[in-house]
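There are 2 protein chains.
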Amino acid sequence: MKNPRVVILGGGFAGIECAKAFKNKAVDVLLIDRQNHHLFQPLLYQVASAGLAAPEIAHPIRSIFFNQENVEVLMDEVTAIDLTGKKVIAREREEPYDYLVIAMGVKTGYFGKNEWEKFARGLKTLDDATAIRRDILYAFEKAEACDNPAEREKLMTIAVIGGGPTGVELAGAFAELARHVLRRDFKNINTNEAKIFLIEAQDRLLTMYDPALSDYTRKTLEGMGVTVRLGSPVAELKEGEVVLGNETIRAENIVWAAGIEASPLTRQLGVETDRGGRIVVDTDLSIPGHPEVFVAGDLARCLDQAGKLVPALCPAAMQMGKHAAKVILEEIEGRGGKNYDVRPQFRYFDKGSMATIGRSHAVAESMGMKFDGFIAWLMWLFIHLLFLVGFRNRIAVLMQWFYAYVRYRRGARIITGLSGRLK
Amino acid sequence: MKNPRVVILGGGFAGIECAKAFKNKAVDVLLIDRQNHHLFQPLLYQVASAGLAAPEIAHPIRSIFFNQENVEVLMDEVTAIDLTGKKVIAREREEPYDYLVIAMGVKTGYFGKNEWEKFARGLKTLDDATAIRRDILYAFEKAEACDNPAEREKLMTIAVIGGGPTGVELAGAFAELARHVLRRDFKNINTNEAKIFLIEAQDRLLTMYDPALSDYTRKTLEGMGVTVRLGSPVAELKEGEVVLGNETIRAENIVWAAGIEASPLTRQLGVETDRGGRIVVDTDLSIPGHPEVFVAGDLARCLDQAGKLVPALCPAAMQMGKHAAKVILEEIEGRGGKNYDVRPQFRYFDKGSMATIGRSHAVAESMGMKFDGFIAWLMWLFIHLLFLVGFRNRIAVLMQWFYAYVRYRRGARIITGLSGRLK
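Protein sequence lines correspond, in order, to chains A and B. Going by the working numbering, the residue at position 298 of the first sequence is 288; the numbering climbs one at a time, nothing skipped. Going by the working numbering, the residue at position 285 of the second sequence is 275; the numbering climbs one at a time, nothing skipped.
One chain only, chain A, in its complex shape (with noise of 0.2 Å):
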């Protein structure tokens, strides 16, 4: 008898851990994802912010399964799902499957505003994130150059739009980019006179944690020499400019920590989503009416055992992937059988989230406790360093954080893919 067939689109947290779930079980996985590696997000802000350099924070997807014999992995691009005839469409091959796990997370999302991406860059990808530090670091060495006072200021400025946990944490790394790391570096500009602007629409950072926590947060950032602008939504977009309701900002460098949505792909699976365009699944993470698809992760939207929204975290996301993996086994095993009754609900496990501010400051919030300051920045460091995957990386990382707190110091503050484009 021929194995089911588990097809997986993501290597995210959640597709890698719903994948690992069916080691030495009799399932075939497939696991699809556009890019050769998983990324460890979280840290995705260093590598924009010349902390890390790509490859640290990331590791290839085969190289998780190498010694899982039942997981293939492929890379290529999904454009399609055929629900009735239960197949994946990539760019250059059809995939059938007899369960379909989708975790593709979610991209930068502009409120509709397409226009505004050209404007200012979203941080998804490594490949955003090296943009970011190129275009960065670049503006500082054009500064180093520039005569013009007021060119000189709107080189050094930089614009971050967004005050959740990834806006927060960009903010603090450039200030400590400008104010500590190229301090040093320049002789013509001073660094401490760049701007990091962090632009946020309500009327505190963070709203998701304890409003003490947001303020502190924004206390910590204007001491590091961050301007918070809260309840300042943008009204629009140019070239190196942000205008908010009385005030125009101009930044040769913009970045979108504000939004993210679904990819288009789920709004043609003619299946309920919400108005970013996540999926609607039931309590076992399955899409209504499709028992055999589920969703996990950032794309899905599910409502945890209090009837409350399961956030966009990474220990959400792997939860979700294994309990996709959960149900599918059970139901191969014969132990829930076809009654979709009795699968098992989701049921999130609320580890807490935090947020880092800058060297040795940070936020958390776990089981009811809140911490901050330097105790939450170990904790999110340890935390950190434990979940990162494989050994070398880990290894690798905290060799490079000790250096760059002993030092000041930032490693990969290198400008690359300027080809032709100097300018």
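These are computed hints drawn from the structure, not numbers from a lab. Computed from a predicted model, the values in this text were never measured in an experiment. Heads up, some of the hints might be wrong.
The list treats identical chains as one, so a pair stands whether inside a single copy or across any two.
As the list claims (entries may be wrong) - Once the Cα atoms are required to be at most 30 Å apart in a straight line, the calculated DSSO-like pairs of lysine-lysine come out as:
1. 312 - 177
2. 114 - 177
3. 114 - 132
4. -8 - 312
Assemble chain B onto chain A, guided by the hints.
Coordinates of chain B only, in the frame set by chain A:
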């Protein structure tokens, strides 16, 4: 009195050593490079073969001089040199000089067949290296998904053109990548079947070395699974095809390590150049008729004290850079006066040369002695670690090598920069 102004073009080994030699001297130095980083070129092949991450072999030029007050660094591209007006013209500015040191190095050259560039990438910059890495890793991904045996064979074939040190190092590293590092990752293809060709027009590899070492190199490479073609000048290059005399090799990836040439800038100077565009210099490294202009590094066509051509090697470049600074300083400090006849001559101290063939194999020649095998590899390792600029790089590189050596893994096998190019 204003300090004399020395403009140095190029932040390679020659330019950096030259600028360093002016430390604490009454000279204003301006160093111009189109990149923001100094590149440890001898290890570039390791980035191309996924052994190291790009930032690990590069160092921001600025940070090398952060504590040398009299050095200014400008990231810009030089478009012309006005020898009569004594100024350098960059994209947006002109920089006058009292002394000029041209140390821009060379680029990949195709013996006048510039149309070959699009079929066979050279290896001179970090962008070259990451592009080669991407294309080779991606070819294996495509092979894994390919059902056509002939097509699969082509996807798994890499042709390296040029049997000098770069070609030898690349071929060895690609063989190890396919046969050891990637072997466990792929399930449909057997990466042991990957074909690596090393193509050399002359009748032996590493022609600058003793024939016994050339022979050892060929045998070692063949033992690693590299197919070596000697006496095989390339007749024609096409998309995915290398045509030799009586053989056509179909290879998805073709890397060009066969030639270098000077930037067209040198031909516009109106001074004597050799066939490759290298500038013919006097025994003091100045350009005949222009005692205030020096050439250092690969761009200089220079004879040593014995009348032998100084080779294009790092130690030679560093010695030349230092020498140019010495001549300038003697003149400024009044020792040599304006009497060009008494300028110190450049004396090349030949420390020898070495090339690594792969994991624990290398060849070296020094002071009339020849080395091969593991001992040569240890020498190579030791010398390259010593040379690497910057503490952080040294430790990180050592650690990764150690890990790669023990576990046969490579940390940097990440495909980036493919956006919208998946096909």
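Taking each numbered hint in turn, which are not upheld by the structure, reported in ascending numerical order? none
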